[in-house]
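Asker: Sequence:
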Amino acid sequence: MKKYKTTDEAHSVSEPMAVYGYQNFDDGGIFRMIEIAERGISFKFFDNLVKKFPFSFQDWAGFLHISGKTLSRYQKEEKTFDTLQSEKILQIEMLYKRGEEVFGSSDYFLIWLQAENLALGKTKPQDLIGSNFGISLLMDELTRLEHGILA
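The sequence shown finishes on residue 151 if you use UniProt numbering, and the numbering steps up by one all the way, no holes.
No lab work stands behind these hints: they were computed from the structure.
What you are looking at is a predicted structure, and each value in this text was computed from that prediction instead of being measured.
All clues stand as given, with none of them false.
Here are the simulated lysine-lysine pairs, DSS-like style, with alpha carbons at most 25 Å apart: (1) Lys-44 to Lys-76; (2) Lys-52 to Lys-69; (3) Lys-97 to Lys-51.
Label pairs and their calculated CB-CB ranges: (4) Ser-72 to Ser-105: 27 to 35 Å; (5) Leu-118 to Asp-47: 32 to 40 Å; (6) Arg-32 to Glu-101: 18 to 26 Å.
Cβ atoms here follow ideal geometry from the backbone N, Cα and C, with glycine treated the same way.
Construct the complete structure from the given sequences, taking the supplied hints into account.
Answerer: Structure (structure tokens):
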């Protein structure tokens, strides 16, 4: 069996594999994402993600299923998110990257997120981000859009 050289980068969460695109994951990539989530996402990484979206702090608290007060405390104490919150943060990052790929720019993707969508039952895509099923549905919808299937 061939041995591969490993580095100590596994202990760094500065740029999770989510930034390399939703469809580029093999089993190894998924296991890496699980490791990152189990280790926890730092507030610093989360703060960089927050800046990409036009959502309020309270919106983010809702997506992560925590109170705004708890999210503020995480910010103040520079805490690391737990596994479930970290998974959600990574899923949202993956959704953002996938949206950029499909729309060709983050601006167009953000417009799509905030507009009522007929294919999603006249729901704004951003309203689905708080649910894992919702994010999965949005990923599927982005794939349909990429292939020209509009409904």
